[in-house]
Each structure stands twice: as structure tokens, then as C-alpha cells.
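Participant: Start from the sequences, fold in the hints, and give me the full structure.
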Amino acid sequence: MVITDYFKKFIHNSQSSGILLILCVAVSLLIANSSLGPAFQNLLDKKIGTEMFQLNYPISIWINDGLMAIFFLLVGLEIKREIVEGELSSLKNASLPIVAAVGGMVVPALIYFLFNTGTEYANGWAIPMATDIAFSLAIISLLGKGVPLSLKIFLTALAIVDDLGAIMVIAIFYTDQIHWNYMGLSGLMVALLVTLNFFNVKKHIFYLIPGVLLWYFMHHSGIHATIAGVLLAFTIPTNVSTTEISPLEKLEQQLHLPVSFLIMPIFALANTNITFKAGMVDGLFSSLGYGIILGLFLGKLVGINLFSYIFVKLKISNLPLNSTWPQMIGTALLAGIGFTMSIFIALLSFKGHPEIQDEAKFAILMASLISGISGYLILKNFRKKTVDQD
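Residue numbering for the sequence shown follows the working numbering, beginning at 1 and increasing consecutively.
Hints are computed from structural coordinates only; laboratory data are not their basis.
Please read these numbers as outputs of a predicted model, since none were measured by experiment.
Cβ atoms here follow ideal geometry from the backbone N, Cα and C, with glycine treated the same way.
It is possible that part of the hints are untrue.
So the derived label-pair ranges between C-beta atoms look like this [claimed, not checked]:
no.	residue 1	residue 2	range
1	A39	S95	45 to 51 Å
2	I370	Y309	19 to 25 Å
3	K47	W180	25 to 31 Å
Straight-line Cα separation of at most 30 Å, DSSO-like style, residue types lysine-lysine; simulated pairs [what the hints assert, rightly or not]:
no.	residue 1	residue 2
4	K277	K351
5	K145	K315
6	K250	K92
7	K203	K250
8	K202	K250
9	K202	K152
10	K313	K92
11	K47	K277
12	K152	K380
13	K145	K250
14	K351	K47
15	K380	K315
16	K351	K46
17	K152	K313
18	K313	K380
19	K145	K92
Facilitator: Next up, the structure:
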């Protein structure tokens, strides 16, 4: 009975999912650099599915495009709820994550460009633009109630806008071909979902079936399929009532545990699978390494805070409720955890050059590690000061 109570307390603790995710990162790195590494990679490369509907993919694809679409569905639900009735319900609050995300994409890309223009690495300019939403949220969750809820919402919204921006960049600059017939079918699914919302259809099944079809069409269009999760989330009905639980809130509650304690850990195990090779460290001290590390660490820090500061001073936007500029600095550093999306862009940027891909992956890992630790320490230190003052 005591063990059951302890387990319940663990899974309902917001910090627990972050701890589990970081543990999975460590386990994945250990496996990748042990004798089990090749077997684990073979497992991730193993294809499962059916050719009948062109759904025969490696397990890694099912994780990154399939399971992560469910993660994005949950995050999209949280953002919509905050837009309708929470921290993002005012234009001044909702505009800041968008502005900050733009700054957090433009400045890192510019830094990378300055280091690598005219070199063999020039095509990787979009690598430091990305924020890994899963890992950045995992780190901030470790701080529990020491960080204002509004700041966590700000980081979530920023990361979503950032990821949508990265997906658009991939679609425009890194996708070999967009299949417009599947894009048209995706549009029809979105129109159907919007129509269901308009007529206030409340049963989840009527949204989830078109949502699965939306994912299928989006995946075959050449656009990163995880965007289907966000689009689906924004069509689920909600309300501003404090007494009646909306369909959105019900679905959000149902997804929290499986996403936090199953999908995200599996994602971490699959994507931290980096094998350390000779020459990787040397790559940190090349223009490629400087562009990635300074882009993610310094570029995110400067871009997010500079754009935020300008718009707050112009009174177009507001800082997240009960947050301060030191906390914004820590949050911007967490946004420098590029990781999965950055690695994905690196693989697209340097097709046919595995040695450059390996150097880029190691630089992304180091930049994400530096950014994550720095952001965590700043936010933790500020939390301590706040407690001391109280």
C-alpha cells in the first residue's frame, strides 16, 4: 500500500517526468557507446507496418513522427486552453512568445551565417534556429513551483512557435518535394475538424479519426507530421466555464500520464542515441562548431531577450505574470536546447557527408547541454533569492 501511494505521488509530481527524461538521455548515451549500441541502432532501424497504405517505417520514424504528434497534441491543447481562459488570453501576453520565438530564430541563424558563409557548412544555417520543446520543458519542470506557471506557459508557446517555424523552414529550404495532393487532403481534414468545432461536436472520437487521417496526409505531403497534432488540438472544443469540464480539458487530462511517462522517455531513448567518434571534439573548434554552439547558446539568449525587451518597452507585449528579466534570461537559455529538431536539420543539411553530420550532432549535444545547465542554474538561483526575500 505504501509503495502504491509513493508511486501515485511520483507520477503526479511535475518534476518526475523531467527526472525520468534526463535519466533516459543518460541511458541512451550509455547504450549507444557500449557493445549494445549496434543492436539498439538495428532495433531503431527495424521497419514495422504495412506497405498497403505506405506505412512501413523504421521504429525511429514511428517515434519521431507518430508518438511525438501525440506529444504535440497535448502541448497544443495546453496552449489553446491558455489562449481561451489563461495566461495567453490577452493580446499583450499572447504576442510575447511569438515575438520572442522570431528573435530566437533570426539571431541564431545570423550568427551561424556569419561564421559559415562561403564554407562547406553554409547549408546548415537553420540548425541553431530550433528549440527542443520536450527537453526544454523537462528541464524547467525540474524547478517545480519555484518558477511561475506563466513562465512555463511562455516557454511552451515559444517552443511551439519555434518548432512551427523550423517545420516551415524545412518545408521551404530542405524538403526535396512537397506532394500538393496530400497537402490538399490535409487541408480538407482541417476544414472538417473546424466544421465539427463550429457545430460544437463534443465526442473525442469524431475529432480523433479525422486527426489520424490528417497525420497520414501530412506525413505523406513531405511536411513534418507532428504539426498535425497542433492543428488537431486547436479544433478540440473548450469553454471558459469553471464548473463544466470541456472536451479539451478531458482529453488533456487523459494524455498527461502517457505522454509524460511513456512517449517522452521513449523519445529520449531513441534520439539521444549518439555514438562518440574520433574527430567529433575537433569539430567543436571549427566554424561549424562555433556557429552551432554560439547560435544556440548566445543567439537564443540575445534574440529572445532583445526582441522581448523591445516589444515590452513599446508596450505592445507584457512580461509573463510574476516573472522578471533574470528569469527571462534563464528561460531563453533553456530555449537553446536545440537537440532533436536541430539534429534533424543537420542531417538534412549535410546529406551524403556523414562525418560532418557527426560533428554537427556533437556540437548540438554540447550546445544543448551548456544551455540547459546554464538556464537551470539561473532559474534555480533566482528561485532561491525569491525564497530568501520572503
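Participant: Please go over all the hints and tell whether each is borne out by the structure.
Facilitator: The hints, checked one at a time:
1. Between A39 and S95 the beta carbons are some 49 Å apart, a value that agrees with the proposed interval 45 to 51 Å.
2. Look at I370 against Y309: about 23 Å separates their beta carbons, and that is inside 19 to 25 Å.
3. Checked against the hint of 25 to 31 Å, the pair K47 and W180 passes, with Cβ atoms roughly 27 Å apart.
4. With a CA separation close to 18 Å, the supplied pair K277 and K351 stays within the 30 Å bound.
5. Pair hint K145 plus K315 holds up; C-alpha atoms about 28 Å apart against a cutoff of 30 Å.
6. Using a Cα cut-off of 30 Å, the hinted pair K250 and K92 holds, with the two alpha carbons roughly 28 Å apart.
7. Annotation: proposed proximity of K203 to K250 holds, straight-line Cα distance about 11 Å (limit 30 Å).
8. A hinted pair counts as satisfied when its Cα atoms are at most 30 Å apart, and K202 with K250 qualifies at roughly 11 Å.
9. For the hint linking K202 to K152, the alpha-carbon distance of about 28 Å falls within 30 Å, and the restraint holds.
10. Distance hint between K313 and K92 is fulfilled; the C-alpha atoms sit about 12 Å from each other, no more than 30 Å.
11. Taking the CA atoms of K47 and K277, the gap is near 26 Å; set against the 30 Å cutoff, the hint holds.
12. Under the criterion of a C-alpha separation no larger than 30 Å, the hint pairing K152 with K380 is consistent with the structure, at around 14 Å.
13. At most 30 Å may separate the alpha-carbon atoms for a hinted pair to count; K145 and K250 meet this at roughly 24 Å.
14. This hinted pair checks out: K351 and K47 have alpha carbons roughly 21 Å apart, not beyond 30 Å.
15. Proposed proximity of K380 and K315 is supported: the alpha carbons are some 29 Å apart, at most 30 Å.
16. Proposed proximity of K351 and K46 is supported: the alpha carbons are some 21 Å apart, at most 30 Å.
17. Proposed proximity of K152 and K313 is supported: the alpha carbons are some 22 Å apart, at most 30 Å.
18. At roughly 26 Å between alpha-carbon atoms, K313 and K380 fall within 30 Å of each other, so this suggested pair holds.
19. Distance check on the hinted pair: K145 and K92 sit about 24 Å apart at the alpha-carbon level, within 30 Å; holds.
Of the numbered hints given earlier, the model fails none.
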